[in-house]
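Once you've looked at the hints, dock chain B against the given chain A.
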Amino acid sequence: MRERRPPGLLATTFVLLRKDLLIEWRTRARLNALIFFALATLLLFSFALGPDTVLLRKNAGAFLWLGILLSSVLSLGESFRIEQENASLDGVRLAPSDARAVFLAKAGGNTLLLFGLSVLLMPVLVALYDIRMAMSVGKLFEVLALGCLAISAPGTVYSAIANNARARDVLLPLLLFPLLIPALMAAVKAMNLVLEGDPMLQFGSWVGLLGAFNLIYWGLGIVLFPRVIEE
Amino acid sequence: MLEKVRKVLPWVGLAGLVSGAYWALLWAPPAWDMSDVQRIFYIHLPCMFMALSLLTINFVAAVTYLLKPSWGADAMAEASAEVGLMFGLLGTTLGSIWGRPTWGVYWSWDPRLTTVAILLVAYAGYLALRKFIEDPERRAVWSSVVAIISAVDVPIVYFSVRWWRSLHQVQSSPQTVDHNMVFAFRWQAFAVLFLTIWFVWTRYRLARVRLAREVALPPELPPAVPAGA
Numbered sequence: 002m003r004e005r006r007p008p009g010l011l012a013t014t015f016v017l018l019r020k021d022l023l024i025e026w027r028t029r030a031r032l033n034a035l036i037f038f039a040l041a042t043l044l045l046f047s048f049a050l051g052p053d054t055v056l057l058r059k060n061a062g063a064f065l066w067l068g069i070l071l072s073s074v075l076s077l078g079e080s081f082r083i084e085q086e087n088a089s090l091d092g093v094r095l096a097p098s099d100a101r102a103v104f105l106a107k108a109g110g111n112t113l114l115l116f117g118l119s120v121l122l123m124p125v126l127v128a129l130y131d132i133r134m135a136m137s138v139g140k141l142f143e144v145l146a147l148g149c150l151a152i153s154a155p156g157t158v159y160s161a162i163a164n165n166a167r168a169r170d171v172l173l174p175l176l177l178f179p180l181l182i183p184a185l186m187a188a189v190k191a192m193n194l195v196l197e198g199d200p201m202l203q204f205g206s207w208v209g210l211l212g213a214f215n216l217i218y219w220g221l222g223i224v225l226f227p228r229v230i231e232e
Numbered sequence: 005m006l007e008k009v010r011k012v013l014p015w016v017g018l019a020g021l022v023s024g025a026y027w028a029l030l031w032a033p034p035a036w037d038m039s040d041v042q043r044i045f046y047i048h049l050p051c052m053f054m055a056l057s058l059l060t061i062n063f064v065a066a067v068t069y070l071l072k073p074s075w076g077a078d079a080m081a082e083a084s085a086e087v088g089l090m091f092g093l094l095g096t097t098l099g100s101i102w103g104r105p106t107w108g109v110y111w112s113w114d115p116r117l118t119t120v121a122i123l124l125v126a127y128a129g130y131l132a133l134r135k136f137i138e139d140p141e142r143r144a145v146w147s148s149v150v151a152i153i154s155a156v157d158v159p160i161v162y163f164s165v166r167w168w169r170s171l172h173q174v175q176s177s178p179q180t181v182d183h184n185m186v187f188a189f190r191w192q193a194f195a196v197l198f199l200t201i202w203f204v205w206t207r208y209r210l211a212r213v214r215l216a217r218e219v220a221l222p223p224e225l226p227p228a229v230p231a232g233a
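Read top to bottom, the protein sequences are chains A and B.
Quick note: the first sequence, position 72, residue 73 per the working numbering, numbers continuous.
Quick note: the second sequence, position 190, residue 194 per the working numbering, numbers continuous.
So that you can see chain B by itself, here it is in the shape it has in the complex:
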């Protein structure tokens, strides 16, 4: 049953994205101050939202592992960090494509962009560390430590637009946005959410299989051939 759900998820997500393209690109009204350029937001925000959520999950998995070691927590940490980094890169790329016509540059060193850049490089380092350690138990402990240290940046990224004067706009509230925009956005967000769950789920299973193979005892030696046979 669960396996069936997992198989259906990506198709639900893809169908949501395709139909969401209609809501986001044609149906929702253009933004009053930046016209059609704003429509990239319908995919940029879900990506960044998933990235920050997944890295928060990564933090929770790391703390869980240190308090109560389990291979499940370690596999979850690996899966969430990898998918989170992917969405973070995707969202940042989309944002910088949007920045070119709006701000005039692809990249600017303002607080939000700087903290995001730190976040992406820090988690790239985290994933590199996981590749560099062979002993699965040590890898799990050390990468948990690095994950907790890296996670300090996650809330800073979220609040950076409120704490400092940033070029990046602050979070909008659904109350102040046209309800058609809110609908298109929610549609897209759910489509991306389904895809995210599928990615993490599949990546988690892969990590579990790899871990099981790593900690398994070596296979039995072939029985010795009796002398004279």
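If we strip away everything but chain A, and leave its shape as in the complex, we get:
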């Protein structure tokens, strides 16, 4: 009998990602919850500031990223909660699939969800905060994608840990938020430059910081995540 070669890392990642997206697509519960949660936070921020258009426009980037960050906690927590029923994560591990593929699929899935959410929130920002675009749409998508990637990599590692600990809902933000401060700062600055113009040509350095953050934490995630889910 001819021995079948086990599927490679990328193939496994793709299969797992497809599985997660399929589960999500069948109910669309997570995406719906995320959208309404993010909408509610954006509304709250605009009420907290009051009807000052100039002030709202100036803070739009910061509020968008805070909205995404707060929603990401829901999304990240949910991505491992669906594996807890019937010990599905053990099933996935025994399939057998590479633990690094599990990380890539989970982090990739979270990135896709958050990116979708952020794109859906753009019209809301136009309506609520009256934003204008000073740079191209491509640059906007670049910032959104890099920011969502930056939240997802450490977020996936930490939600895998928090999901099995006591007080998991407290633990994830407690661990994740301080870590994300540099990424959040860079994303907000870059976002504001996209919206308000970049006379000092700072866009490149903030995007560079986001890129470096992604490189470090995706690298650490791939190396460390297998240790988190081993039994």
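Simulated from the structure, these hints should not be mistaken for lab results.
It cannot be assumed that every hint is accurate.
[Unchecked claim] Okay, derived cross-link-like pairs now, EDC-like style, lysine to aspartate or glutamate, Cα gap no bigger than 20 Å in a straight line:
#1 K59(A) - D199(A)
#2 K190(A) - D114(B)
#3 K135(B) - D199(A)
Below, chain B without anything else, positioned relative to chain A:
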């Protein structure tokens, strides 16, 4: 013998701090640009230095645990993180007391202060995580992972004053500083070092005792009382 050394260490450290107060507060010359306010530096710098060193030790202990699991590495990680966080908080508080007369504010969001704030909150989260997991083996693995991820910030704190334009001054070199200041500083640094070794040593022993109790088998049940006795 070792136990005797451990018992003597805090007294050596305390004596060093008391005598060091004389060297630092009265004997060393005042700084030319900020007079006596600068003298807080003789305790601020040793504290921050110990904090960054201990968090580096924490990183090494975490990597050691992941490569070759041992309760010693886990206890060392716990001890170094806790004492390191304490020195970090102390040093940051002292620095902000110094900042008020010098910069006019207690706190400013410049690169050095921002990265230190991230560092302190990240390690507070690390210690909280350790409290939240009951299974000692899982706790050791997961907290090692979190320690390695948090340690990314340690070199950034150290180099932040060189990489970005910061309100905080860059590291001085002993060659450019009055030798009396260097002497007073070294005296204080060694006093704090002795105290640090004592803290970590004692905390490590405590962690070992707790771990031993956690992984120990439950005590034997009392022998059943024979019927009719």
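These are the hints, each one checked on the structure:
Taking the CA atoms of K59(A) and D199(A), the gap is about 14 Å. The hint holds against a cut of 20 Å. For the hint linking K190(A) to D114(B), the alpha-carbon distance of about 15 Å falls within 20 Å, and the restraint holds. A distance of roughly 46 Å separates the Cα atoms of K135(B) and D199(A); the hinted pair therefore is violated under the 20 Å criterion.
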